[in-house]
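Undergrad: In order, the protein sequences belong to chains A and B.
Note that my numbering has the first sequence beginning at 343, numbered continuously upward.
Note that my numbering has the second sequence beginning at 33, numbered continuously upward.
Just so you know, these hints were derived from the structure itself, not from any lab.
Backbone N, C-alpha and C fix where the C-beta goes; we use that ideal spot for every residue, glycine too.
Just so you know, not all the hints are guaranteed correct.
[Claimed, not checked] Now the stretches of chain A that chain B is said to cover, found in silico as 3 or more residues with beta-carbon under 8 Å: (1) 363-376; (2) 442-448; (3) 592-604.
[Said to hold, decoys possible] Reference listing, derived: stretches of chain A covered by chain B, where coverage requires no fewer than 3 residues with Cβ under 8 Å from a Cβ of chain B: (4) 349-360; (5) 663-673; (6) 772-780.
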Amino acid sequence: MISSIIFVAVLIAGGYIFAKKASFIRRNILLGREEDRSDRKTERWLTMAKVAMGQSKMNARPVAGLLHLFVYVGFVIINIEVLEIILDGIFGTHRMFHSLFGNFYFMVINFFEVLALMVIVGVSVFWIRRMIIRIPRFWSKEMKGWPKNDALFILYIEFILMSALLIMNAADQVLMAQSPEILEAAGLSKYALNLDGHFAISQFLVGLMPQDLNMLHYIERGAWWFHIVGILAFLNYLPYSKHFHIIMAFPNTFFSKLTPKTELDNLEAVTKEVEMMFDPSIDPYAAPPEGAEEVVPSRFGAKDVKDLSWKQLMDSYTCTECGRCTSVCPASLTGKALSPRKIMMDTRDRLEEVGRGIDAHGPEYEDGISLLNDYIKPEEIWACTTCNACTEACPILIDPASIIVDLRRYLVMEESQGPAELNAVYTNIENNGAPWQFAQADRLNWKDE
Amino acid sequence: MENKLVVPTMAELTAKGEAPEVLFWVGCAGSFDDRAKKITKAFVKILNKADIKFAVLGTEEACTGDPAKRAGNEFLFQMQAMMNIQVLQGYNITKVVTTCPHCFNTLKNEYSKLGGKFDVVHHTQFINELLSSGKITAEGGAFRGKKITFHDPCYLGRGNDVYEAPREVLRKIDTTLVEMARSRRNSLCCGAGGAQMFKEAEKGDKEINVERTEDVLGVKADIVATGCAFCNTMLTDGVKHFNKEDDVQVMDVAELIATAADL
Ligand code: SF4
Ligand code: SF4
Numbered sequence: 343m344i345s346s347i348i349f350v351a352v353l354i355a356g357g358y359i360f361a362k363k364a365s366f367i368r369r370n371i372l373l374g375r376e377e378d379r380s381d382r383k384t385e386r387w388l389t390m391a392k393v394a395m396g397q398s399k400m401n402a403r404p405v406a407g408l409l410h411l412f413v414y415v416g417f418v419i420i421n422i423e424v425l426e427i428i429l430d431g432i433f434g435t436h437r438m439f440h441s442l443f444g445n446f447y448f449m450v451i452n453f454f455e456v457l458a459l460m461v462i463v464g465v466s467v468f469w470i471r472r473m474i475i476r477i478p479r480f481w482s483k484e485m486k487g488w489p490k491n492d493a494l495f496i497l498y499i500e501f502i503l504m505s506a507l508l509i510m511n512a513a514d515q516v517l518m519a520q521s522p523e524i525l526e527a528a529g530l531s532k533y534a535l536n537l538d539g540h541f542a543i544s545q546f547l548v549g550l551m552p553q554d555l556n557m558l559h560y561i562e563r564g565a566w567w568f569h570i571v572g573i574l575a576f577l578n579y580l581p582y583s584k585h586f587h588i589i590m591a592f593p594n595t596f597f598s599k600l601t602p603k604t605e606l607d608n609l610e611a612v613t614k615e616v617e618m619m620f621d622p623s624i625d626p627y628a629a630p631p632e633g634a635e636e637v638v639p640s641r642f643g644a645k646d647v648k649d650l651s652w653k654q655l656m657d658s659y660t661c662t663e664c665g666r667c668t669s670v671c672p673a674s675l676t677g678k679a680l681s682p683r684k685i686m687m688d689t690r691d692r693l694e695e696v697g698r699g700i701d702a703h704g705p706e707y708e709d710g711i712s713l714l715n716d717y718i719k720p721e722e723i724w725a726c727t728t729c730n731a732c733t734e735a736c737p738i739l740i741d742p743a744s745i746i747v748d749l750r751r752y753l754v755m756e757e758s759q760g761p762a763e764l765n766a767v768y769t770n771i772e773n774n775g776a777p778w779q780f781a782q783a784d785r786l787n788w789k790d791e
Numbered sequence: 033m034e035n036k037l038v039v040p041t042m043a044e045l046t047a048k049g050e051a052p053e054v055l056f057w058v059g060c061a062g063s064f065d066d067r068a069k070k071i072t073k074a075f076v077k078i079l080n081k082a083d084i085k086f087a088v089l090g091t092e093e094a095c096t097g098d099p100a101k102r103a104g105n106e107f108l109f110q111m112q113a114m115m116n117i118q119v120l121q122g123y124n125i126t127k128v129v130t131t132c133p134h135c136f137n138t139l140k141n142e143y144s145k146l147g148g149k150f151d152v153v154h155h156t157q158f159i160n161e162l163l164s165s166g167k168i169t170a171e172g173g174a175f176r177g178k179k180i181t182f183h184d185p186c187y188l189g190r191g192n193d194v195y196e197a198p199r200e201v202l203r204k205i206d207t208t209l210v211e212m213a214r215s216r217r218n219s220l221c222c223g224a225g226g227a228q229m230f231k232e233a234e235k236g237d238k239e240i241n242v243e244r245t246e247d248v249l250g251v252k253a254d255i256v257a258t259g260c261a262f263c264n265t266m267l268t269d270g271v272k273h274f275n276k277e278d279d280v281q282v283m284d285v286a287e288l289i290a291t292a293a294d295l
């Protein structure tokens with residue numbers, strides 16, 4: 343009884359803290375400007391099914407893809423058992439699904455154990471790739487400190503959670519193999535489930551278990567509590583971690599860009615102004631018609647996170663810092679300051695900072711810091727070739743290139759900054775209709791040369 | 033030049049009360065850059081040979097605004113877009129072919145959202161159709177058995193998912209097509225996009241076109257084909273960097289076909 347109360351209290355506390363952080367993040371994402379991603383619903387569902395659930399982009403790197411599949415499938419499916427754990431915890435029962443499914447239940451547990459082993463293998467190899475093989479994309483400059491530790495924590499937590507599951511089953515199967523009378527005598531009659539045989543993986547741990555029934559009971563309970571509290575702790579760790587992608591990958595792929603990769607949006611506010619220049623009959627000072635939406639933004643392009651769209655901000659919370667983007671970026675590969683992964687990490691870190699500022703000082707709070715310059719330097723964004731290798735490489739359809747272009751838009755249209763050669767290009771295009779200094783009248787000269 | 037190129041302008045056709053099947057959008061590089069002009073002419077030869085009724089805008093054509101847009105100058109881009117859309121719509125253009133993947137992307141995707149909806153194809157797609165329908169034939173000849181690799185321009189491949197058309201063309205002239213490790217979706221940029229063509233590269237430890245040229249040299253191809261004047265420049269410079277001009281030729285798909293068809 344007491345344990346049920348404690349369990350429910352832990353569950354509620356864990357759920358509450360998570361919900362609070364989730365709503366902080368949701369609020370932050372909605373600080374972004376509007377962008378319509380409500381079209382082509384069927385295609386969106388299919389994209390999510392394929393890319394997030396089906397992991398279709400992970401197999402571009404087969405080894406990592408396969409191991410990731412182990413961990414992903416294992417984690418998702420084993421979590422079905424969490425449902426049982428929660429119900430057992432609330433009602434003080436032991437393996438309540440057994441009474442519903444009989445011996446089929448044990449088959450499922452065996453399957454879970456195999457998955458748990460796969461997860462352990464997966465995270466172990468991941469650890470080796472990071473720490474022993476030292477794959478370069480995990481060791482680049484933006485991965486120092488927290489991002490590196492975060493990645494390792496996740497691997498350790500997963501390893502420990504899966505081990506707890508196996509230890510719990512190891513102790514449990516020794517108990518469950520006892521005759522009901524013996525269990526009854528020890529006051530452990532709820533373990534009397536008549537297990538004949540062994541669990542697939544944890545049987546190999548049985549040798550490590552003590553003989554004493556009470557000790558076994560403590561180990562089983564201890565591992566059980568560890569597992570569920572661990573899962574709740576993990577849930578609450580997620581939003582502070584790159585591991586948040588296990589949740590965010592779903593909405594993020596759903597709302598991903600479906601138009602051709604190199605197609606950029608045409609800024610609506612600019613269209614209005616250009617139309618006015620082309621059509622003198624439009625009165626620039628006329629009041630907008632009733633009900634018309636005001637599209638004039640506070641500024642052109644993006645200087646800070648609030649100038650980006652909510653989708654770009656969602657991208658930043660989804661980024662799993664895998665570095666696939668950076669490892670194929672022509673600028674990064676040739677030693678330029680640009681790294682698309684860093685663009686995403688900076689956007690998220692700055693957004694978190696803005697969110698904390700708003701929580702502490704109210705919605706109008708300005709801290710005098712901005713994404714551009716304080717986090718991302720102009721030399722980074724000017725190194726981009728807009729080749730979209732990063733968007734192609736990203737396993738969860740993040741679009742770093744669009745942020746880069748929005749930052750450039752701010753620099754060029756609001757601050758008239760940028761490489762001097764480009765100013766000459768603009769002048770040429772304006773005056774001669776070509777980026778070079780050739781007269782438009784000479785445009786067909788090639789015909790007779 | 034053996035055969036004089038026939039290059040009617042829209043203004044001329046309209047004066048005669050005629051309309052073209054397709055408008056050839058030449059682009060700035062194709063109009064002014066010495067190397068790119070050869071590509072333009074090669075494509076015109078193909079159009080002439082296939083007896084395609086086409087026209088160019090000539091002096092009425094102006095930059096699509098692509099470099100301005102990628103650099104962040106949305107105003108300038110939309111000014112160019114509005115002007116060009118007015119010109120194109122003034123002539124009731126519906127179908128456009130272009131030899132520049134950047135113009136292709138802008139005209140096809142971005143102009144359509146500004147009210148200028150055209151059916152836009154890249155010249156590699158256009159040539160592929162001409163070959164398939166038998167309007168032109170190119171028997172290889174000069175290129176039979178030559179090892180060719182194709183460099184996917186970002187704005188054609190990744191940007192707009194055109195990977196097969198240029199490769200089909202290359203297969204039709206009996207070449208041996210070899211792929212670089214980084215190809216199709218994973219192709220490496222030549223370094224020119226995003227307005228980089230028009231500025232100094234940012235500080236780094238290597239030039240992007242050199243990195244890409246290493247891929248080209250790695251497959252030991254006799255020819256690296258591409259479908260973009262900017263890629264062409266970048267790779268040509270890259271090949272020069274390694275002093276390999278005698279071993280590797282950088283050619284546009286249009287030039288290969290024009291040569292193979294003996295035009
Ligand atoms: S689009 Fe820009 S950031 Fe992305 S891979 Fe290409 S050069 Fe790098
Ligand atoms: S943007 Fe995508 S590819 Fe790049 S680090 Fe983040 S998750 Fe990985």
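Undergrad: Hint by hint, note whether the structure agrees.
TA: Checked hints:
no.	hint	result
1	363-376	violated (count 0)
2	442-448	violated (count 0)
3	592-604	holds (count 4)
4	349-360	violated (count 0)
5	663-673	holds (count 3)
6	772-780	holds (count 6)
Checked against the numbered hints given earlier, the structure breaks hints 1, 2, 4 and satisfies all the rest.
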